[in-house]
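J.: Listed here are the chains, written in short residue letters.
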Amino acid sequence: MPLNIAVLVKASLDPNMIRTGSDGGVDAAATPLAISEYDKNAVEAAVQLKEKHGGRVVAVSALTWGPSARKRKELEQVIREALAMGVDEAHIIIDDALIPGDPLLTARAVTALLQKLGGFDLIITGEASMDMISGQIGGRVAALMGLPFISYARSLEVDAGAGVVRAVRDLEESLQTVKAKMPAVVSVTGEANKPRIPTLLQIRRAMRKPVKTYSLSDLEVDSVAKPRLVEMKLIQVKRKNVIIEAETLEQAAEKLIEYLEQEGVLPK
Amino acid sequence: MVRVLVYTAGPAQLRGLAGLVAALGASEAFALTPGREDEVAQHAYGVFNRVYRVDAERLTPGQLAELLEGLYAEHQPDLVVGPAVKDGVDAGSRLAARQSLPMFTEAVSVELFDGGLRVRRQVLGGRAMAVLESGLPALVTVKPQLWEEKAPSETGAEISTVKPPAALVEEESWEPKKREAVDLESAEVVVGVGRGFRRKEDLAMAEELARLLGGVVGASRPIVADYGWLSEDRWIGISGKKIRPKLYIAIGISGTPQHMAATMDSKVIVAINKDKNAPIFQYADYGVVADLYKFLPVLIEKLKEKLGK
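The listed protein sequences correspond, in order, to chains P and L. Okay, so the first sequence: first residue is 0 according to numbering that gives the first Met the number 0, each after it adds one. Okay, so the second sequence: first residue is 0 according to numbering that gives the first Met the number 0, each after it adds one.
Hints listed in this document are in silico derivations from the structure and should not be mistaken for laboratory results. Treat the hints loosely; a few may be bogus.
Residues from chain P that face chain L, not an exhaustive set, calculated with beta carbons under 8 Å [as the list claims (entries may be wrong)]: (1) Ala106; (2) Pro147; (3) Leu174.
By construction, the Cβ of each residue, glycine as well, lies at the ideal position given by its N, Cα and C atoms.
Full structure from sequences and hints, please.
T.: This is the structure we're talking about:
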């Protein structure tokens, strides 16, 4: 039985390419956006389910970093990557009220779009985004839609005939196998699968797949007051950075032990 | 003066959260936890006006969220506080959506000011610290360990027992992960092993060093996740354990931001790596550029002499 699957994808600040201002503050506008790491696992999970059961995969995303005129191009690149992996079509929300992002409003916007598109058996997301790591979107969307939510799934399978999704949740101290009736929302971990790398042909085909854009007013969502992101500063590391120089390893070891004794960290 | 609603995945987490409640100077506080009668009684701290004990060993996040909805409606708290564990974030996000609450995941500090809340939390893979402000009511999840020292010890709060509700997601089975009895998070001395080690057997040198220093062995991600040489509870990283020892010796570890963010609170960091350009030397107080296979045996010998062992 074919499945209708939605995948939530975020264009996140790339933590490996952070640009800063002179005060050590993160310059979000200058930092490139990339597809959030675990969202690749979500796309892969969705595409694998489509390959097994038939159906279609739709990507949904919202732009949460600005300025929107410039950043929407980067969001579109992220979406093309998902399309190249096997997503069939994409729907993106661009509205300055969503910038910078806050999970409460982003979840409302995404939910409105999912309900407008309608009829999904599964909504899959990454466990958390790689930039803000809030891990709230999946739970918020599920609660707003009144759907079951399975978080931190490291494996996911569907019994299409019975309309049931089954997953193993990767918790801190345990593995929990759960099941729920579809439609359901699932968030996946980095261990869930190995995301495919699209071929050149798939990337070219992706350019022709449909991408539709919406504003908050298209979705009839009111903007609300959001928490204020007061600052984001690189964590400055202040350590002594003493490199122990010595002629022999024995001398180096002795010097190190002396330092450790001075620091008072050796056993008495 | 705020009213706080606290929830946990188990009674032991109540200790730290009681500490946060005390630090915030809450005027009223309520707690929700699953657990056995005797366990919950041990953790029914006096700062709570009432502890709601769910008669179950564990709850799914959906059940926790459903019970929280009921208590939220009854008590109308200004602040909801949960544990920064996966089930805690899951349950919190559902309550936050239904009650339109801003939610801050894994806040490392929580301050109240007139009509509002300020939190600090790590973002960008542990590379940056974000400061956020919002009005109340709001929801935060925190690591209970950070507030354990502030926990007042007297117990005796009134306990009410509630039944676990039905849930949309059913648990079919549950198995604990294989764990050793090692507590990295409270260890005073930690020796970390990384990809500089070529074989599992060679970790024995690190174990000997740890033994001499009165510490435990931890590891960077590849040793745990890729090679499986050590169990997950020895993984030092933002997705693993955060350590706060007085001494951390990182051996054959390159020093990725995700690893180093979890060692930030170490008093002294020592790095041993044969690559002088390894990022870890930026994060270390003392560094030795040397092949661990040559240096470790010498260090161990010299330490034995020094400590008279």
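J.: Take the hints in turn and mark each one as holding or not.
T.: Each hint, compared with the structure:
For Ala106(P), the interface hint holds, since its Cβ comes within 8 Å of a Cβ in chain L; the closest pair sits about 6 Å apart. Annotation: Pro147(P) was flagged as interfacial toward chain L, and the flag holds, the nearest CB pair being 4 Å apart, inside 8 Å. Checking Leu174(P) against chain L by beta carbon gives a least distance of about 5 Å; that is within 8 Å, so the hint holds.
Checked against the numbered hints above, the structure breaks none of them.
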